[in-house]
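Visitor: Could you build the full structure based on these sequences and the hints that come with them?
The end of the sequence shown is residue 1000 by the UniProt record's numbering, with every number in the run present.
It should be emphasised that the hints constitute simulated quantities derived from the structure, not laboratory data. Idealized CB from N, CA, C, for every residue including glycine. Take these hints with a grain of salt, some might be off.
What the hints assert, rightly or not - Derived Cβ-Cβ restraints for the label pairs, each shown as a range: (1) Asp719 / Gln980: 21 to 31 angstroms; (2) Asn117 / Thr473: 26 to 36 angstroms; (3) Gly808 / Lys869: 22 to 32 angstroms; (4) Glu726 / His526: 19 to 29 angstroms; (5) Gln980 / Pro714: 46 to 56 angstroms; (6) Lys687 / Asn733: 43 to 53 angstroms; (7) Leu842 / Asp677: 30 to 40 angstroms; (8) Thr700 / Lys738: 52 to 62 angstroms; (9) Glu726 / Pro854: 53 to 63 angstroms.
Stated by the list, open to error - For lysine-lysine, the following BS3-like pairs were computed, each having C-alpha atoms within a straight-line distance of at most 30 angstroms: (10) Lys695 / Lys242; (11) Lys998 / Lys221; (12) Lys494 / Lys690; (13) Lys508 / Lys494; (14) Lys508 / Lys378; (15) Lys715 / Lys491; (16) Lys969 / Lys858; (17) Lys358 / Lys491; (18) Lys928 / Lys969; (19) Lys687 / Lys519; (20) Lys795 / Lys858; (21) Lys709 / Lys795; (22) Lys449 / Lys180; (23) Lys358 / Lys449; (24) Lys491 / Lys771; (25) Lys795 / Lys259; (26) Lys563 / Lys709; (27) Lys588 / Lys259; (28) Lys563 / Lys715; (29) Lys867 / Lys969; (30) Lys494 / Lys242; (31) Lys771 / Lys840; (32) Lys180 / Lys928; (33) Lys810 / Lys747; (34) Lys354 / Lys378; (35) Lys810 / Lys858; (36) Lys840 / Lys795; (37) Lys802 / Lys869; (38) Lys563 / Lys695; (39) Lys508 / Lys849; (40) Lys508 / Lys802.
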Amino acid sequence: MASTAGLQISHGHWFNTTLTSSQSHPCSRSSFPRPPAGDYLERSPPRCRRRCSHAVAAAIVVEKLGQRRSVGPSLPVPRRSRDGFLARRGRQQPAAAPCGSAVEGAATDRFAKTLTNLPKPGGGEYGKFYSIPALNDPKIDKLPYCIRILLESAVRNYDNFQVTESDIQNIIDWEKTSPKLAEIPFKPARLVLMDNTGGPAVVDLAAIRDVIAELESDPKKINPLVPVDLVIDHSVRVDVAKCADALKQNMDLEFSRNKERFSFFKWASSAFNNMLVLPPGSGILHQVNLEYLSRVVFKADGVLYPDSVVGTDSHTTMINSLGVAGWGVGGIEAMAAMLGQPMSMVLPGVVGFKLTGKLQDGVTTTDLALTLTQMLRKHGVVGKFIEFHGEGVGSIPLPARATIANMTPEYGATMGFFPVDQVALDYLRLIGRSDETVSMIEAYLRANKMFVDCNEPQTGPVYSSDLELDLTTVEPSVAGPKRPHDRVPLKEMKSDWHACLGNEVGFKGYAVPKEQHNKIVKFDFHGQPAEITHGSVVLAAVCSSTNSSNPSVMIGAGLVAKKACELGLEVKPWVKTSLAPGSLVVTKYLEHSGLQEYLNHQGFHLVGYGCTTCIGNSGDLDKSLSDAIVDNDVVVVAVLSGNRNYEGRVHPLTRANYLASPPLVVAYALAGTVDIDFENEPIGIGKDGKEVYFKDVWPTNEEIEQVIKSNVLPKMFVDTYGSITEGNDAWNNLVVPKETLYPWDPKSTYIHKPAYLENITMTPPGPPSVKDAYCLLSLGDSITTDHISPSGVIKPGTPAAKYLLERGVKPENFTTYGSRRANDEIVVRGAFANIRIVNKLLEGEVGPKTIHVPTGEKHYVFDAAMKYKSEGHDMVILAGDEYGAGSSRDSAAKGPLLLGVKAVIAKGFERIHRSNLVGMGIIPLRFKVGEDADSLNLSGHERFTIDLPGKITEIRPGQDVTVTTQNGKSFTCTLCINTQVELEYFNHGGILPYLIRKLA
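Guide: See below:
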């Protein structure tokens, strides 16, 4: 076995054989506040198990891989967490040299000269750090701040193996190398997961242990090598609303439905090293990440370095608001990062977005976020970083920046980055970080030229392109009715709504005849007369971390409810209202301010701490209302404070869905319709019989600020997160297996060993061949991952429902596709199961079916695919632009793979989904500019052969590929495999088989 001594070559990174305290459970780290004093990383809850000592396994990995970077991606050596693990048991670790043994190997590090001390103002030092100014290259001053973080990571992790001097130079020369799509490795400091997309990744991790055992290797070496925090936040549904005990009832139902899943997650938290699972009811991942898990600056064995994170939710970008580099990845990429695989990425372009001025009174940050989303979508920022700068940034509070950063996937970028400034430091103090920690963060970032000081002259970085917005021009807005970047100024909402009703069916159209625009449908609502019409609001949800992390809009919502109560307005009883904040802190300040009482009066009772309506967990509407909608084909509306409103996502019956700020959600709930001009029409009649207008209930900025100052307090954050790992009775009473290998239950309909990890041998299969393939679906533009792999309710009669019925599951317990995503049998049956998907093969019919071309028969997509597979036929998918937009769910790649799809030929791909396709071994091909299926007259009834070389050595990233059809038609596409690392994955049939072969 290879010696591990020679591998100790870098400071605070994955090649140390000793996992530092920074790599153990967050509550054991020594860098952050523990309430009421000290730093939160010192907390040591008894359930937070961190048992990482993998030096031997790591040595095996390195011995197998050798020391040549040219052979492709490789697995780094883990560090130990013994320090924190033993310290929690009262044992003292032997003293170690600064940075462990890495300092001893500094002579071999060509960048060791950059390692320097960071002095404290009063004497002593905070620690050591890798100084990028010490590189003495004037080009560094011109780098965007977000690129400087990539540079520091490369310098700190330099080993001339996984990170080479060429990689570092490429980052320094970013201005020239980025347009050339230079490839660099990146090693995030940690991972965050949520249950719907992270859960399948943990299932994969458990299954890989089985495969490793089957290949006669040691399964115990399969463990995350970086800190992994999983927050269970996507399981709660709004089954109960508008009552005082809605939270308790919904959580009880959540546990009754998901006990099997939760038991698996709890097993994983103890079976795997370096993994923390926060139980249901803890909050939404992104808000917990912002308020609790974020470091901003790590301190590991005396070395300081920037926090960075990737997560299995595309809205991981919310952490960019705190100056932390982070973005969403698919569960497949996350798995690779968990097992130490460096992330291969193309050095991105950076759009500099200058903000000037200040938002006017009555304008919310949500309005700003929707405006930016529209501007950036128009500019075209897919695959790019956005860096916000300018004097206007200083006027935006950090929670407001979080709303903007959260919306990054909606404007199409990889990051929406705000460098750390005084506003960020003030926020850290608000959420309970100690003065000592904040001072350390500021000192480090200033010393490493990563801090923005508005009091100093700003020469400014150079950007790939520039945009500018005067904040005084931002106006109240909503977005919809089907896409988050379709912004509608509030003053134009009524006219825009009527235009949408009459337009042809599309993103802004429903094709309702003009004479039916004002039809009224009357129905009986529990003995009370009720009526709806096109545009009636039937669902109003204050939800999602997008806005609930921002006290100004949450307090604003409470003030709208208060003013409405005082004027005698009430929400109609058939409007389903709900409040689902992303943090328990929100409840504390709403109750402390007395505003929760008024929200309750309007029906916005607390229903859960999780991602509810925004992900489609909105629950059922009342049956009388549902019948009225369906029987009369009424286009009704949901208004939510979330980040996504794709058709079919929020609720099956709300064909129109608008994103709005929380106070606007309450206002529209009061009005009961979007067919209203808020400036000139009353939203209701008050208790004195007088008309009440929008302006009568809308709070001023000054009113909101007064409430915030006296009610949003540091102690609330300290108290909330001081006990977050303690769980609840239902979670703590779960009994879980103790085995190293998970005992799969063949009867389980929630947890299933995935078929794509069966029959793996040690020989890579090489590139797949595609010959005479049939088109499974022919799709248009903006097909989202919600279309490809929906999260919503499993409907009776569907392939997934039939599967569950055959296994004794009653319809009332079908739950959702999202909650059953850890079962590949549901994933494959849920592929393209969205009820609103438009498949051109169906010639106008909407729904989850397709045509079996040889026979002309119409089937559910799953059934048609199984028929093709049984006949021995390959399959492809034709698609338009923005294919795979939306959530980062890897099931949108796993589902098509399990169906038997070999390639997707599209006009354009969303960043994460393209990566997921490659990660599962599916060929992503892009039509040439100016071409698509329509311009090439492809009906979808052809048979397609893809001329791709059979040897991986003959394929290069981005090469041209010829596609021919059986009738002699030929066209050229671009192979959307971007790097040599991705080619290596592709050769192995995907990332997971690649990792297994390297670890076995």
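Visitor: Determine for every hint whether it applies to the structure shown.
Guide: Hint-by-hint comparison with the structure:
1. Asp719 / Gln980: 21 to 31 angstroms: Since the Cβ atoms of aspartate 719 and glutamine 980 sit about 50 angstroms apart, the hinted range of 21 to 31 angstroms is violated.
2. Asn117 / Thr473: 26 to 36 angstroms: Violated - the Cβ-Cβ distance for asparagine 117 and threonine 473, about 47 angstroms, lies outside 26 to 36 angstroms.
3. Gly808 / Lys869: 22 to 32 angstroms: Since glycine 808 and lysine 869 have Cβ atoms about 27 angstroms apart, the given range 22 to 32 angstroms holds.
4. Glu726 / His526: 19 to 29 angstroms: violated, 40 angstroms
5. Gln980 / Pro714: 46 to 56 angstroms: Since the Cβ atoms of glutamine 980 and proline 714 sit about 49 angstroms apart, the hinted range of 46 to 56 angstroms holds.
6. Lys687 / Asn733: 43 to 53 angstroms: Once the Cβ atoms are compared, 48 angstroms apart, the range 43 to 53 angstroms for asparagine 733 and lysine 687 holds.
7. Leu842 / Asp677: 30 to 40 angstroms: holds, 39 angstroms
8. Thr700 / Lys738: 52 to 62 angstroms: Holds, since threonine 700 and lysine 738 (Cβ atoms, about 58 angstroms apart) stay within the stated range.
9. Glu726 / Pro854: 53 to 63 angstroms: This hint holds: roughly 59 angstroms between Cβ atoms.
10. Lys695 / Lys242: Since the Cα atoms of lysine 695 and lysine 242 sit roughly 26 angstroms apart, the hinted pair holds (cutoff 30 angstroms).
11. Lys998 / Lys221: Given that 30 angstroms is the threshold and the Cα spacing comes to 12 angstroms, the pair holds.
12. Lys494 / Lys690: Measuring from Cα to Cα gives roughly 23 angstroms; hence the hint holds.
13. Lys508 / Lys494: holds, 14 angstroms
14. Lys508 / Lys378: holds, 17 angstroms
15. Lys715 / Lys491: Distance of about 40 angstroms is beyond 30 angstroms: violated.
16. Lys969 / Lys858: Roughly 26 angstroms between the alpha carbons, so the hint for lysine 969 and lysine 858 holds.
17. Lys358 / Lys491: holds, 21 angstroms
18. Lys928 / Lys969: holds, 15 angstroms
19. Lys687 / Lys519: holds, 28 angstroms
20. Lys795 / Lys858: Satisfied, since the Cα-Cα distance of roughly 19 angstroms is no more than 30 angstroms.
21. Lys709 / Lys795: violated, 47 angstroms
22. Lys449 / Lys180: holds, 26 angstroms
23. Lys358 / Lys449: holds, 27 angstroms
24. Lys491 / Lys771: violated, 55 angstroms
25. Lys795 / Lys259: With a Cα-Cα distance of about 22 angstroms, the restraint between lysine 795 and lysine 259 holds, given a limit of 30 angstroms.
26. Lys563 / Lys709: It holds: about 20 angstroms lies between the C-alpha atoms, which stays within 30 angstroms.
27. Lys588 / Lys259: Judged against 30 angstroms, a Cα distance of about 28 angstroms means the pair holds.
28. Lys563 / Lys715: holds, 28 angstroms
29. Lys867 / Lys969: holds, 26 angstroms
30. Lys494 / Lys242: Answer holds: lysine 494 to lysine 242 is near 28 angstroms, not above 30 angstroms.
31. Lys771 / Lys840: holds, 22 angstroms
32. Lys180 / Lys928: holds, 19 angstroms
33. Lys810 / Lys747: holds, 15 angstroms
34. Lys354 / Lys378: holds, 16 angstroms
35. Lys810 / Lys858: It holds: about 27 angstroms lies between the C-alpha atoms, which stays within 30 angstroms.
36. Lys840 / Lys795: Roughly 23 angstroms between the alpha carbons, so the hint for lysine 840 and lysine 795 holds.
37. Lys802 / Lys869: Holds. Lysine 802 to lysine 869 sits at ~20 angstroms (cutoff 30 angstroms).
38. Lys563 / Lys695: Distance of about 11 angstroms is within 30 angstroms: holds.
39. Lys508 / Lys849: holds, 24 angstroms
40. Lys508 / Lys802: violated, 35 angstroms
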